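Here is how the chains run, residue by residue.
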Amino acid sequence: MPTTTNTSKTSPKPPRRRAGPSPVRYDFVLVMIVATLIGLGLVMIFSASYVQANNLYGKSAFYFLRQLQWLVVSVIGMIVAALIDFRILKRLALILMALTVLMLVAVLLFGDKNLGSRRHLFGTSVQPSEVAKLTIIIYIAYWLSSKGNRLREVSVGLVPFSVLLSLVALLIVLQPDFDTTALIVMTALIMFFIAGADLKQLGIAGVVAAITFVVVVTQINYASVRINEFIDFLKDPGTGSYQLTASLQALANGGVLGAGLGDGTTTIPLAFTDSIFAVIGEELGLVGALGVVALFMAFAYRGLRIALRSNDSFGLILGCGITGWIALQAFVNIAVNTATLPFSGLTLPFVSYGGSSLVACMAGVGVLLSISRYSNQTAASPARAAVQPTNGATYATLGLGWRNWRARLPGAGRARRATASRRTTQQSGRGYSSGGSSYSVKASSAPRTAALSRRVTRTKRTIARRTGTSRKPAKSSSSSGTYRVPRRR
Amino acid sequence: MTAKPSPPRIRIAVVAAALLLAFLLLVVQLFRWTLFAPDAYQPASHLPADLASTAGRPRGDERGAIVDQHGVPLAIDRYRWEIWVEPHLVPRGTEAELGSELVQLLGSSLIISPEELMTALREHKAGVVTLAKEAPQLAGSTVDSWDRLDVSAKAIPVRYYPQGSLAAHLLGFVNAQPRAYYGVEEYYNDYLRKVDPPFLRSDAQAQAVYNGLPAEWRQMLPSATGQDLVLTIDRRVQHATEQVLADAVVRYKADSGTIIVMRPSDGAILAMANFPTYDANQFGSTNADLLLNPAVAEQYEPGSVFKIVTFASGIDAGVVTPETIMTDTLSIEIGDRLIYNSNQRTFGEVTVEEALVRSLNIPTAEIALKLEESRFYQYVRRFGFGQLTEVDLANESPGTVKVPGDELWSRSDLGTNSFGQGLAVTPLQMATATCVIANGGLLVRPHVVDTMVFKGKIHKPEELPVRRVISAKAAGEVRDMMVQVVEQASYAARVPGYTVAGKTGTAQIPISGGYSLTETIHSFVGFMPAEDPVFVALVKLDVPKTQPWADSTAAPTFAKLANELLRIWHIPPPQVAQKP
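Protein chains in written order, with my numbering: chain A, 1 to 489; chain B, 490 to 1069.
Chain A on its own, in the form it takes in the complex (with noise of 0.2 Å):
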C-alpha cells in the first residue's frame, strides 16, 4: 500500500500545501461566479422580454417573475445537492438513472407537442431531456468509476459503454432533440476521456459518434435545412439566416460599450432564451460580452480544479462531466449566436429563460459544489486521490458488459490482473485503481470511519472554539483529520 509520503514524492508536481483548510469548504468563488451569472441573467431577461410580456400577458415583468420563482427552486435544489455527501450519488444512480429512462420514455409516448416536438411533460412546464442531462452525467461517472482500470478493456469499456450511451441518445433523439443528445454524446466523452479511456479505443468511439452524427443530421429535416444554412452564410457572410443575421446585426450594434440596458434596438426571435447571448452583445457591448465567456472560462476552471482536488475516482469524473456539460453548453450557444456554429436550440446555462435548464444547471452546481466539500483537499497529492479504490463497487452494478447482473466475482486470471495493475498503481505512485476482489471489503469500512473521523474533527473545533484557542490550531488539526479513508494513515 502506498503510504502518504511516498505518493507525495512521486507526484509530479506536489501542490502547494495549505495552511490548513478553510473552514467551510465549499468552492465559493464558484457560487459568485454562478450567482453572476444569474444576476446578469435576470437583467437581460427583463430587457429583452418586457415588450413582448406586455403585449402577451399585459405585464411587463411576466417572464422576469416566472424565471425568479424558478430561482427559488433551483437555489433549494443548489443547496439541497450542496449538503448531501455526492458519494451518496453512488447508490441513487442506477434509480435516478431508471426514472430518467421512464421519464424520457413518457415524454415520447404522453408528452406535449409543443413546436413540432415533444419534450414537455405537465403542459409546458417541465422538460425531462434537461433534467435527464444531470442523471445521465451522474450514471455515466458512476458507471466508469466502478470499471477501474478494467474500463481499458474493450469488453468491459468501449462495448456496454457504447451501448449504454446509443440507449440514452436514441430516447432523447426521437423526441426529436438533437442538440441535447449531441451535448450528452460529447459530454460522455469527455467522462470516458477523463475516466482513463484508451485513447485508441477513444478515437474509434470519437469517429463512430462522428458518422451518426452526420447520418442523423442527413435524416433530420430541421437539422440539415439548418447545416444548409450554414453552409451558404460560410460562402457568403453576407447572408445569414433569419436568426443569424439578427443576432450579428445586436453584436455590431453593441459596439464596444453597448446600447446601453433596454436599449438594444435589434429585433432578436427567442431573444431572452436561445439568444439572450446576442441581447448581452447588443446592449453590454463586446465589454459585457467578453465578460460573459470569461465567467464561463473560470466557471471551468473551478469545476475541473474542484474535480481535480477529489480523492474519489466518482468524485473526479463527476465533476469533470458536470463542468463539461455546463462549459460544452455555454460554448455551443455562443458559438451559435457568433456564426461559429449552425443554430441549435441549446440555451446559455445559468442565464437563458428557462425554469428546467436553469434548475437542471444549478442542481450540477449544488453536486460541484458537494464534490468540493466533501472531498479531502488538503490531500498531499490531488491526483492521488484517483488510486483509492471506489466504493462504487460494494454496491451492486448494472453494467452493460457480459457480467449484466451478476454479482462481481475475482476471478483467477482477473485476480493476478488485479495484482499486476496494483503493482503498477504502486511503483508509479498514480494512476487509477485496479478492478479486483481486493478493496471491495476495505472500502465497506470507509464510511464509518470517515463518519468518525469527520466526529472528532467537529469535537475537536468546538473544543478550540470554547476554549478560547486560535483558529489556527483548530484548522491544522482538522486538516489531518477529515474524511481520509485510513488505510492512507
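Hints listed in this document are in silico derivations from the structure and should not be mistaken for laboratory results.
Predicted, not measured: the structure shown is a model, and the values here were computed from it.
Treat the hints with care, as some may be off.
[Claimed, not checked] Here are the simulated DSSO-like pairs of lysine-lysine, each with C-alpha atoms no more than 30 Å apart in a straight line:
(1) A:LYS235 <-> B:LYS859
(2) A:LYS235 <-> B:LYS962
(3) B:LYS891 <-> A:LYS59
Place chain B on chain A using the hints.
For chain B alone, kept in the frame of chain A given last:
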C-alpha cells in the same frame, strides 16, 4: 493489457486546454462580429458620416426647418419675445418715463397691469419683474436695441407648424423644454438641434453656397441654424390624401384609418395620412392616444392583402405558376386547426390566378405548405415583415411574426399566416412589401427625408440599400394577377383609362380568446399604372360599419385617391400618352 493510462491530472489538463481553445475561438469571433462585421450586419445610420457626430455640441433651443419637396415650410422656428425689468437697476428719476414707454410699446402683451408696473418701478423692487412672455416682434427688437442694463428682452424659439394638422403624425412635435417627440422631429433630433459655432445666414461666403439651392427651397432655406430637412412629402399630395381618408372614415363610419402613398422605385413616402389626427401647434391639448403615428407604430393583422406575399413567394420559389391547378376543398387541416375559405364555400379546381382573384384561403395555405416552414418564413422576412423597415421616423414597430422555434409558434400558424392572420404588420411594412411587386422584386427602404440641407449645402442621403426579394419575372406575374383581381373582383378600385393592380383584405380583429365576430379591418393595397407604377398606396380603414367587405370600402377609396393623385401629377392615361 494496453499501455498505462495517463494520470487524471494530465487528462484534465487536456480537457481544460481544449475548452480554453474553444472559448478563445469565441473571443476571436466576438471581436470579428462586433468590430469588423460586414455591411449587411452594420446598424443602419441615417445621417451622413460627417453630420452624424453630435459630440461636444451644446444643446441649443433653435432647430432647423423642415420643408416639403417644393420648399413649403412644414415645421419652422418662430420667436416669442420675453421682456423683463429689474426695477432696482432703473436710474432714479427716469421711472415714470420708462414706465409709460414700456406700457405703450408692449400694449396688450403686457402681463401685469400698468399700475403694478409703475408701483414696482417707483419702489425699486429687487429682482426680476416679467412684463411680457409673447411680446410682438417690434417691441422685442426695440427693447433689445436699447441694450439697457435694467430692461431686457430675449427671443425664445418656439416650434411652429404653419400647415396646422397637415402631416402631423409624420412630423411629430417639440415641447417647451424643448424636447422632440415622434416622427421626423424625434428621429432627426440630433441633426435639427442648433450647433455651435452658429451658422451665419448673412455671411457672404455662406450665401454663395446656398445660392446653389433650388429656387423654390431658397424661400425658407437655409434657416437660422443651417441644419434643415427637405422631405419627400408633397404638400398637395398629402393634403389630398388626408381629405380622401377623412371622407372615407366618415362615409363608412370607420373608427380610424391610414393611407400611405409611396414611390415604388426608391421607397420615398409621398404622403402618409392618419385619421383622426391632431394639430401639432396644440399638442398639449391633444389626447395622448392620438400622438403615436399608427402608420409605423401600430400593428394589425393584415388579412387577405397578405396573400400577395404568399403567392409571390410560391411563384418565385417555383412551387406554383399562375396557371397551376389547385384543388379548393371545403376545409384543410394544418397543425391541429381546420382552415376554411372566408365564406365557407368551395370552388373545386381553380388556377392559382383564380384563387387570388377569389381570395381563397385554402389554395393560399396549400402554397405555404408547398413552401414549407423554412422557405415560407424566409420569404416573409425577406419581404420585410417582423423587422423594422428602418424608415426615418421615430417609434417604428417591427410587427410580430412568430417563426418556427418560437415558443408560441405552432404548425397551424403556417396555414393562417399565409393569408395574413396570426401575424401582425405595420401599415408601412405592408406598403413596402407591395412596392416589391410594383418595382419588379426589390425591397426598398421607405424614407421621408429627401435631402439634408446642411449650412446651405445639399447632402443627399447615402444610397439606400435595396435587396432583391423575388425575381422580376415572378413580380411581373403577381402584378398581372393583381390586375385581374381589380378587373374581375374589386371593381370599385378601377380607374377608367388606367390599369390598376391591387388586392383587398378584410381582416378579423383578434380579441382575447379568438377573433371578433363583428369588427374587421378593411384594407387595400394597389399600384398604378400597372405597366409602370408611379405610386403604391395602402388604404386601411379600421372597423367600418356600413359595409362588410373591403371591396366596397377600401377599394373605392383607393380609386378616389388615385383620381386625385393623377390630377395633381398630370399623368395621362397610357392610351393617350401613346398617341402622336
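Tell me if the straight-line CA distance from LYS235 (chain A) to LYS859 (chain B) falls inside 30 Å. holds (27 Å)
Next pair to validate is LYS235 (chain A) with LYS962 (chain B); report whether the Cα-Cα distance is within 30 Å. holds (26 Å)
Is the hinted pair LYS891 (chain B) and LYS59 (chain A) satisfied, with a Cα-Cα distance of at most 30 Å? holds (20 Å)
Every hint, counting from the list given before, is met by this structure.
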